[in-house]
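*Asks:* Protein chains in written order, with the working numbering: chain A, 1 to 173; chain B, 1 to 1164.
Rather than coming from a laboratory, the hints here were simulated on the basis of the structure. Ideal placement from N, C-alpha and C gives every residue a C-beta, glycine not left out. It is possible that part of the hints are untrue.
Partial selection, computed: residues in chain B whose CB lies under 7 Å from chain A [what the hints assert, rightly or not]: (1) SER752; (2) ASP770; (3) GLY774; (4) GLU1063.
In silico negatives: residues of chain A with every beta carbon more than 10 Å from chain B [to be verified]: (5) LYS6; (6) TYR34; (7) THR70; (8) TYR79; (9) LEU105; (10) LEU107; (11) PHE109; (12) PRO129; (13) LEU136; (14) ASP138; (15) SER149; (16) GLU159; (17) GLU167; (18) ASN171.
Mimicking DSSO-like on lysine-lysine, the simulated pairs with C-alpha atoms at most 30 Å apart in a straight line are [claimed, not checked]: (19) B/LYS805 to A/LYS41; (20) B/LYS862 to A/LYS45; (21) A/LYS156 to A/LYS45; (22) B/LYS677 to B/LYS694; (23) B/LYS805 to A/LYS45; (24) A/LYS41 to B/LYS862; (25) B/LYS694 to B/LYS667; (26) B/LYS862 to A/LYS170; (27) B/LYS714 to B/LYS830; (28) A/LYS41 to B/LYS821; (29) B/LYS821 to B/LYS714.
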Amino acid sequence: MVSISKKMCLIGDFGVGKTSLIRRFVDGQFSDKYLSTVGVKISRKNVTVVGQDAVSSDLQLLIWDLEGHTKFKVIAPSYLQGSKGALVVADVSRPETLERIIEHLDLFFSVSPQGCVIIALNKIDLIEPEKAIKILEDSKNIYHDQVLSIYNTSAKTGEEVDRMFEELSKNMS
Amino acid sequence: MKDQPKQPHNPQNQPPASRVLEDLLGLLADLHSATVEDECSSAEAATSNQKSDSLDPVDSYSSYDAFSGESIDRNSPPSSSIIAAHRQALLRSISQPLSQPKSSPKSSPKSSPKSHPDSHFKSGEVKPASPAVSPDSSQQNSQNISHNQNSFHDQVIKPNQNGRHSQNGSTAKAQSTTNSPTVSSSPKTDFVKNLEVNSEVSNQFQPEVNLGVNPPTNLESNPVINLEVDPQIQPEVNSASNLESNSVINPVAARHLNSFVASLESPSIEATSPEISLENKSIVDSVKNLELSAEINPVSNSEINLSSGQEINPEINPEINPEHETLAHLDSYLEINPEVDLDHDLEFESKNNLEDNARDSLETDSVNNLVSSSPDNLTSNATHQPVISEPKTSPITGESVRPIPRYSASKKMGATVDSLGFLIDLVLTSAPVPTDQPTEVLTDSVDISEDVREQPLEQIKTLELAPDLPKKPTQSVASELLSPDKKDTLETEDIETLETLKTAERSLAALSQLLTDSPENFSINPSSNSGDDYTPITFTPEELEEDPLDILQRLLVNPDVYDAQKLLQSLEVSLKKLESQIYEPEKLIDLLLPTIANLLSMKISQSKEEVVEAITPIIDEVIQHRIEQDRVAMSGAIAPIISEAISRQITDSPEEIATAIGPTMGKAIQEQIRLEKDSMVDALYPIIGSTISKYMGEAIADINKQVETNFSAKGLKRKVQAKIQGVSEAELILREAMPFTVLAAFLIHKSSGLLIADAQRPDQQQLESDMIAGMLTAIRSFANDCMAKANSSTELNQIDYSDSKIILEVAGYCYLALVVKGEMTKDFVKKFRRSMATIVQIYNRPIMNFDGDQSTIPPEVKILLEDLVNYVPLEEKTNSRYPFALGLMILAIVSIVAIPWGIYQYQRSIYQRIAQQSATALDQTPELSVYRLETQVVDQKIKLLGKVPSAELQKKAETVVRQAFPTWLIDNQIIAVDVPVDPSFTAAEIQRATIVMNKIPGVFISSQYKEGVLEINGLVKDRESIGSITQVMRAIPGVKILSNQIQLGNINQNNISNRIYFEAGSATLPTDSLPKISEFRKLLNLNPSFRLRITGYTDATGDILDNQRLALARANSVQQILLEQGIEQRQLEIRGSTDTTPGAVELWQSRFVEFELVAPNNQN
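Hey, can you work out the whole structure from these sequences and the hints?
*Replies:* Set out below in C-alpha cells:
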C-alpha cells in the first residue's frame, strides 16, 4: 500500500497525445485510435522514486488526464488544484500546439505556483529527427527557466515517456 | 569410291547448327573423356547405331547400308536442334580448326588406310560377337528383367558415356602421350589436334576425315558392320527391355538420373582444374587453355591416374588409373552412389565395349575384330586414337571410324540434350570435367601427331596401347556397374519424350551391344586387367593384333547378325508401343491398375512406418482437398466417428472441449431456439421449472411478508406515512426492504482530490479509494464550476446510482463522501454531521496541509470514518415499542366506545320494554285502541304520542298509562284534535242507524245525508220513538243538522184503515178507496226506499182458482192506480192470497186488498 499520493495533470491542446502518453506510461500500450477525453480521466500508477538522498520511496501517481484545450473550451482551473506537477503536452507536428504551451504554463502556475512542470513535445515519430531536435532546442530556449525540462516524446514508440514521468514524479515527491 | 561422295554428303546433310552442336558436344565429350579411345569409339559406334535407328527403321537401315556417314548426317539434325547458341559459339571457335581438319584427314588416311577396312570389319565383327554373347547371357538370365535392364542401362549410359568415353579417349591419349613423350608435332600437331578435336567434337570433320582417311572398303565394311551390330543389339535390347521393365523401372531411373546428374556435376566440377574453366564457352580460349592445361595435365593426370585410380580401386580397375580423374570420379561415384555409378558404368561399359573391342583385339580373349584390325588401325589410329572414342571404329580407318562413333556420340548427346533438359546439364557438366582431359587429349594429339610424323606406327601403337589402358579400367568399371547401367537406361526412358525414347532405343541397341560385349569383356577384363594394369602399354598392343582377326571372323560368320534386323524391328515396334503407352496414360494406368493395390498393401505390410511417414506430411492437405471436392462425401465418411470422437475428447480433456465449444454455446442455443423452440423448452423445462419455482417461491414469500405487514400496525403506519409524505407505498416498502447501510466513507482533500482517509465495509467489494476520490473531486468541481449560476455557489450534495448513493458533505478543506445504501435515517445524519464537525474542528490543520501523505493524518480520523461505516440503524427497537402503544390506544378507544354503547343498549332495551308495555296498555283500552298512539321512554319519562279526537281520550290515555306504570313520569303529548268526519263514514253510520231504527216495530224511517245535513222521513207510531230516533241520529258524527220529518202513524198494524174492500167477485176499485191510495202514494214518494206490498184477498166462496185469480187482480188494480200516479214498479209488490182472513165473520170482510209497508233493509 502506497501511502503517499501525488496528483499531477496533463495539459495541452486536444489531440496532442495526452491520453496516449498516459496510456503508454501506465499500461505500456499505444493505440492509433483517437479517443477524445471528456472532462477528466484519472489514472493511477505506482512509481518508485529515488530521491536525492538515494532513498527510494514509493509514490502513487494520480494522473489527471484533462480534457484537451480547444478554442471552444478552456481547461477548467479547478481540475488543476492540488496538482503538484504537470505535463504540458504539445504536438510537434502541429505548430499551433507548440505556440500554446505558454498559455498552459500560465494557467497551471496560476493555480499552483509551486508546481513543477515538464514540457512534452510529443509525436516526434511523425517528423524527421533533425526537425525534432531543432524544435526541442527552440523550446528549451524559450521555456528553460519555467520548467524542469523538455522532452521529445513519442507515445507510439515510447521514447522518453517513462523517463519524463520519472523525472516529474521525482520532483513532485 | 564412296568416300568422296560421302565427304560432300556429310557437310551438306548436316546443317551447320547441328554440326556445331555436335562439334560442341564432341568437344565436350573429348574434354570429358579421359579414358581409353576404344571405349569412346565403341560408345560412339553404338550411339551412331542407335541414332540411325531412332530416325526410322527404314532410314536407319538405309543409312547404314549406304554408309555410316549418311547415317550420321541424318542423325545429326535432331541433336542439333536445341543448343543453337552453343553451336554458334562453337562454330566461331571451331571455324579455324575446321579448315584444318579437312586437310588432316588426308594425311591420316594415308597413315592408316589398311587398318581401316580391317578395323571396320573387326568392329563389325566385334559387335556381332557381342550380340552373340548377349543372347547367351539373356538365356542365362532367362529373360530376366535384369538383363533387359542391363541393356537399358547401356543405352542410357551411352550418351553420358560418350562424353566420358571421349574423356577416356583423351585421357588415353594423354596417357599415350605420357607413354610416348618423344612424340612431338609442330605443324602436324595442330593438324592432328584439329583432327582430333574435330573428330571428337564434330561430325563434320568426321565425314571429311572418313572421306579422306577411310578407304572405300572401310566405308563399306562400316555400314555392314553397323547394320549387323545394330539390329542384333536392338532387337535383343528391345526384346529384353520390355515395357514392363520400363514401366517398373521408370520412377527409379528418373531419380537415379537426377542424382547422377547432380553427382556428375559436382565431381566434374571438382575434377575440372582451374584451367578447365575455359570449357566450352570460348572454344578458342579453351583450346589454348587446353593446350596449356594439356601440358600441365598430362603429367598431373597421369600421376593422378596412377595414384588415384590405382589406389582407389586397385581391385576393380587396375587399369582405371590411366583413365585419370574421370575414372577416379567414377569410382568415387560408384562408391558413393551405386545408382549413379550406373551412369558411369554405362559410360564405362560403352567404353568397355569399345575397350573390349580394342582389348579383344589386343587380348586373345576378346573376340572383337577391332583389335585384330587395330594393328593396321594403329597406324591410322595414331592420329585418331586420341579420339579413341570408337575402339570399334578405330580398327577401321581411324578417321572414318572415329567420325561415325563420335558423330553418333555427339548426335546422341544432342538427342539426349533435346530430349532431356537435364541431360544437357549432364553433357555440359560432363564437358567441363573433360576440359582437363581434352586439353590433355589435344596435347596428346599434338604429341601424337608429331610422333606420327616421325614414327606413325609406333605412335599408333602407343596410342593404341594407351587406349587399352583406359579400356581396361572402363571395362572393369563397366562390368561392375552393369546393373546400375540398367537404371540409367530406365532413366532415359523415363524422360518420356519421343526423342528420349528414340535415344533410348539407340542407347538400348548400343547397350545391348555393349552388354553382349560386356560379358565378354567381363570375362576378358579380369584377366586382362590383371596383366594390363601394371603394364598396359606394352601389354595391349600385342593382344590387339592377335585377337581382332579371330573376332572379326567370328563376327562375320555369326548368323546372329542377320537376326539382328528382325530383332531391331521388333524392338522398334515394342518401343513404339511403349511410346504410345506413355502418351496414353490410360493404358499405362490400366497396366498399373491391377498391381497398384497390391503394391500398396505389400508396402504397408512390409513397412507400415515408412508408408505412414510418407503419407503423413500431406495427409491434412489430402483431406482438405477431398473436402473441397466433395464435402458431402467427406462429411459422410467422418460423420460416424464424430460423436464418438467428441465424447472421447470430452472424457479425455473436458476443459479443452469446453473452451472450444464455450464461445458458441450462446449462439447455438439461440439458433436452436430459433429453429425449434418447443424442444428447447422441453429440454430446459425441468431445470427452469425448479429454478423459477425457487425464485418465485422466494419472491412470493417476500410478497407475503409485505402483504402481511400491510394489514399490521406497520402496514398502517406505512400507509399513513405514504399519505403524509406523498410518496407511494411501494417506495416505502422498498425502503423498508433495504436497510440503511454505509458501504464506504472517504475523506477527500477538497482541492487536490487526494484521499485523506477512508473506511470501507470489509464484507463489501473494496472500492478504489484513490480513483474514486479523484473522480468525485473532478465531478464535484465540474458541478460547482459549470452548474454555478452567477453570484451563487453550488454544491453537489448527492450522487445517486442504482440503489446506492454518494452523499457529499463539505467541510473546511475536505469533504466527506459516504457511499450508502438504503434510506438514510435521521439518526445517522446526526451522527455523521457530528463526526464531520469533529474532524473539521480538531483535525483541520493536518487536513489543510495534507500533501498526499496519509501518514500525516491522525488515526482518529480514520476511526471516526470507520464508526460511520459500522453504523447500524436502530430501527428494530422502534418496531417493538410501537405495537404496544397502539394496543393500548385501541383498547381505550374500544372501551370508550363500547361501554356507553352497552349502557345505551341496556337502557334502550329497558325503555323499549316499558314503551311496549305502555302501548299494550293503551291498546287494551277500547276507546284508545282505535287510535294510533306511540309510547316512548325518554329520560325516565314515558312519552305518549298520538292523536285522539277528544280531550277525554287524551286524558284517558294518560290515565291508563299511569295505572300501568305508576312510578314513571308521563309526558302526555297526545293531541286531541277535531277530526273531520269522513262523509262516507257518516253516511254509513246514518245508514246503520236507520236500519237499526227501522227494526223497531212501528218505525219506518229513511234518511238522506248530504254535506252534514241529515233528513229523516218516516212513520213512527209513537212520540217516544221519534225522540230516540232523533237522539241517535244526532249522535252520529258528521251530522251537523238533523231535519226530522217523521210522522206519527201505525201502518202495518192489522188495521182496517189499511184495507180496501171489494165487491164480491169484483176486482174493480171502489171509488172511495182513492184517498187511501193517495196516502200510500205520498208515503212512497217520501220514502223512495220503501216498498209497498199489496196483497189481494177473496172470500172463501167460489172456485179457489178463480178466487186466486181474483185476489191477484184486486192487488193488481191497486198497483195500476199507484203506477198511474207515478210510483215506480220497484216500489210495488203484488200478491194474491186465498187464505181466509182471520177474524172475518162476514163474507165481505174477506173480500179486500191490504197494504203493507216494507222498510228498505227489512225485506221481510
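*Asks:* For each hint, tell me whether it holds in the structure or not.
*Replies:* These are the hints, each one checked on the structure:
1. Contact between B/SER752 and chain A, as hinted, is supported at the beta carbon level, the nearest pair being about 2 Å apart and thus within 7 Å.
2. Interface restraint check for B/ASP770: the shortest CB-CB distance to chain A comes to about 6 Å, inside 7 Å, so the restraint holds.
3. Annotation: interface hint on B/GLY774 holds; nearest CB of chain A at approximately 4 Å, less than 7 Å.
4. Interface hint status for B/GLU1063: violated, as the beta-carbon distance to the closest one in chain A is roughly 155 Å, over 7 Å.
5. Against the 10 Å criterion, A/LYS6 falls within the reach of chain B, whose nearest CB is about 5 Å from its own CB.
6. Distance check for A/TYR34 against chain B: the nearest CB is about 22 Å away, which clears 10 Å, and the non-interface claim stands.
7. Every beta carbon of chain B lies more than 10 Å from that of A/THR70, the smallest distance being close to 16 Å; the non-interface claim holds.
8. Distance check for A/TYR79 against chain B: the nearest CB is about 6 Å away, which does not clear 10 Å, and the non-interface claim fails.
9. For A/LEU105, the non-interface assignment is confirmed: its Cβ lies about 19 Å from the closest Cβ of chain B, beyond the 10 Å cut-off.
10. No beta-carbon of chain B is positioned within 10 Å of the beta-carbon of A/LEU107; the least distance is around 14 Å.
11. A/PHE109, annotated as away from the interface, keeps every beta carbon of chain B farther than 10 Å; the closest lies near 16 Å.
12. Even its closest Cβ contact with chain B, about 37 Å, leaves A/PRO129 beyond 10 Å, as expected for a residue assigned away from the interface.
13. The Cβ of A/LEU136 lies farther than 10 Å from every Cβ of chain B, with a closest approach of about 31 Å, so its non-interface assignment holds.
14. At roughly 33 Å from the closest C-beta of chain B, the C-beta of A/ASP138 stays outside 10 Å, upholding its exclusion from the interface.
15. No Cβ of chain B comes within 10 Å of the Cβ of A/SER149; the nearest lies about 22 Å off, and the non-interface call holds.
16. With a minimum CB-CB distance of about 28 Å to chain B, A/GLU159 clears the 10 Å threshold, and the non-interface call stands.
17. Here A/GLU167 stays apart from chain B, with its beta-carbon at least about 18 Å from theirs, past the 10 Å limit.
18. The beta carbon of A/ASN171 is kept farther than 10 Å from every beta carbon of chain B, the shortest such distance being approximately 14 Å.
19. A C-alpha spacing of about 21 Å is found between B/LYS805 and A/LYS41, which places the hinted pair at or below 30 Å, so the restraint holds.
20. A C-alpha spacing of about 24 Å is found between B/LYS862 and A/LYS45, which places the hinted pair at or below 30 Å, so the restraint holds.
21. The suggested pairing of A/LYS156 with A/LYS45 holds, with an alpha-carbon distance near 19 Å, which does not exceed 30 Å.
22. Of the pairs offered as hints, the one joining B/LYS677 and B/LYS694 holds, with about 23 Å between alpha carbons and a cut-off of 30 Å not exceeded.
23. Taken as a hint, the B/LYS805 and A/LYS45 pair is honoured in the structure, with Cα atoms around 28 Å apart against an allowance of 30 Å.
24. For the given pair, A/LYS41 sits about 27 Å from B/LYS862 by alpha-carbon distance, which is consistent with the 30 Å threshold.
25. With a C-alpha separation of about 27 Å, the suggested pair B/LYS694 and B/LYS667 falls inside the 30 Å cut-off, and the hint holds.
26. Restraint check: the Cα-Cα separation between B/LYS862 and A/LYS170 comes to about 29 Å, which is no more than 30 Å; the hinted pair holds.
27. At most 30 Å may separate the alpha-carbon atoms for a hinted pair to count; B/LYS714 and B/LYS830 meet this at roughly 25 Å.
28. For the given pair, A/LYS41 sits about 26 Å from B/LYS821 by alpha-carbon distance, which is consistent with the 30 Å threshold.
29. As the CA atoms of B/LYS821 and B/LYS714 are separated by approximately 22 Å, the hinted pair is consistent with the 30 Å bound.
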